[in-house]
Amino acid sequence: MSVSQPGVVEALFRPGWAGGWTLARLAFAMAALHCQLDRGWHVRDALANPHVVFNSGPAHIAERVLLAAPAAWSLWGLGLVGLAGLFWGGRFAKPGLWVWFLAYAALLATCGLNVRVPERFIVWAVLGLSLGPIGIRGLVAGTVSPLGRYFLLVVYGSFYLSTGMMKALEEGAWWNGTALSYDLMDRWHAGGWFPTWLSGQPLLCAFASWFTITFEVGFSFLVGFRRLSAWVLLAGVAMHLSIDVLMEVGPLGVMAMSLYPVLLDAEAGRRLWMRLTPRWPGMARRVESW
Amino acid sequence: MPERLPGLKLFLLAGLAFYFLLSYRVALATLGVAQLPKGLPALQGVTWLGRWKMFTDLRDEHWDVEAEVQGASGWTRLDLAERYPLHWDEGPGYLRDDYYQNPKRLSVLAADLCRIPGTRAARFTEVRWPKTRGQEAQPRTGEKRTELVSFGCR
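Protein chains in written order, with the numbering used here: chain A, 3 to 292; chain B, 3 to 156.
Mixed in with the good hints there might be a few duds.
[What the hints assert, rightly or not] With a straight-line cut-off of 16 Å between C-alpha atoms, the simulated EDC-like cross-links for lysine to aspartate or glutamate are:
1. B:K55 to A:E121
2. B:K146 to B:E128
3. B:K55 to A:E172
4. B:K55 to A:E173
5. B:K133 to B:E84
6. B:K133 to A:D188
7. B:K133 to B:E70
8. B:K133 to B:E63
9. B:K146 to B:D66
10. B:K11 to A:E12
[Stated by the list, open to error] Which stretches of chain A does chain B cover? Using the computed rule of at least three CB atoms under 8 Å from a CB of chain B, they are:
11. 87 to 96
12. 155 to 164
Because the hints were derived from the structure by calculation, they are not lab data.
Virtual Cβ for every residue (Gly too), placed ideally from N, Cα, C.
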C-alpha cells in the first residue's frame, strides 16, 4: 500500500504550533488597552469638541456628526468592555475584539484627520486576528491552520517593504541619515534632549537609517526562513522600540509588535516556548490555560 | 485535519498581495515618482487602506499657519493654538497639510473667525523656517511666508 505524498499547496497549509495566537491575543489586547487609555486623555478635547469640525478628514463625517461628550465617553467605555472580552478569551475574544474596534473606529471617524497609517494598520490587524483561532483556549498545546499567519505575513510584508522601498528608492536623504536626523527635530513627533542630540550625530543617524531600510526591505524576504525568523522579528522589535523612545508616533509600534508571536515561524515558536517556559513555570501554566 | 480548499486560500492570499502591490504603485504615483495608472482617482480610494507612507520625504523645515482678522483698526494676528487647542499625536489639527492646504476646509475655520465681533475678513499665511539639528533652540531665521487664502465675512 502506498501513501500519497502531499502536494506543494497541501504542504504549505500543514498545521503549525498555535501558541503564538494566544500570545498575540494577549499582547494585542495590552497594546490596544495602552492605545485606548492614551486616547482617554483626549476624549473631551479631541473627540467631543466643537472644533472637531475643523479637523475633518477625507471622510467628512466630522462635518455632519459631532459627538456630545457623554456619547464620546460611552463609546470609549464600550471599547474598554470589548478589550475585557479580548483579554478574557474563549467565546468573548472575537466579539470583544470587534466591539473594541468598532467603538474605536466610531470615535476616530468623527475626528477624520486622525485616520492615519496606525489606524489603517489596526484594520488589518483585526482582520488577521479574526482569521486566527483566538477564541480557543489551550492553544499552546495545539496546532492550527497557517492561513491567519499567512494573511498577517502578507500584510506585514507589504507594510515594511512598501515603507522601506519608498525610503530607499524615492528619498536619497534616507541613505545618508539626513531625512531621519530632520525627523528627530519634528516639533510634534519628536523633541526632548535625546532626539535633539541624536539629530546632530550624522554617523549615528546614518547607521539608524541603514538599519531601518535594511530591516524594512529585508523583512519580506527573510522572515519566512525558520532559522532567521526570530532574528528578523527581534530586529523589528529594536526598530519599533527605538522609534517609540525617540518619537511620539501613536500606537503603531506596540500594535505592530503585538502580533509578532504569530509571524514567528510556527516550529521556531514552539521550540522557543519549550525552551523558555521552564524558567517561568507559573506564568507558562497560566498562559497555557488562556 | 487537512486544510479545506487550500488552493482557493492560496489564490486569495495572492490576491491580497496583488492588492498591496497595486497600493504601492498608487503611492508612488501620488508621490509623483511614477506614471499615474489608468483610473487613478478610483484606485486612490480603493487602495487607501493598503498604502503605507511614513516618514518618506525629507522634512527639513518647521511650519506653522498664522491667522489674521481684519477689524476697524486693521489686521490683527490671532493665536490659533490657543483658540483651537484640539491636539493629537501630530500636533494641532489645523496644521495638518491636507487640512490647511485645502481652501474649502480653511473656509470653515474662517467662518468661525468671522464670528468674532467686528471682523470683516480673515486670512491665513503658511510660515516655514529651516530646522536646526542638534540643538533645542530653533531660530526662525530665513522664514518663508506664503499667503494661503483670505475670506471676506458676510
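request  = Give me the numbers of the hints this structure contradicts, sorted from smallest to largest.
outcome  = Failing hints, ascending: 5, 7 and 11.
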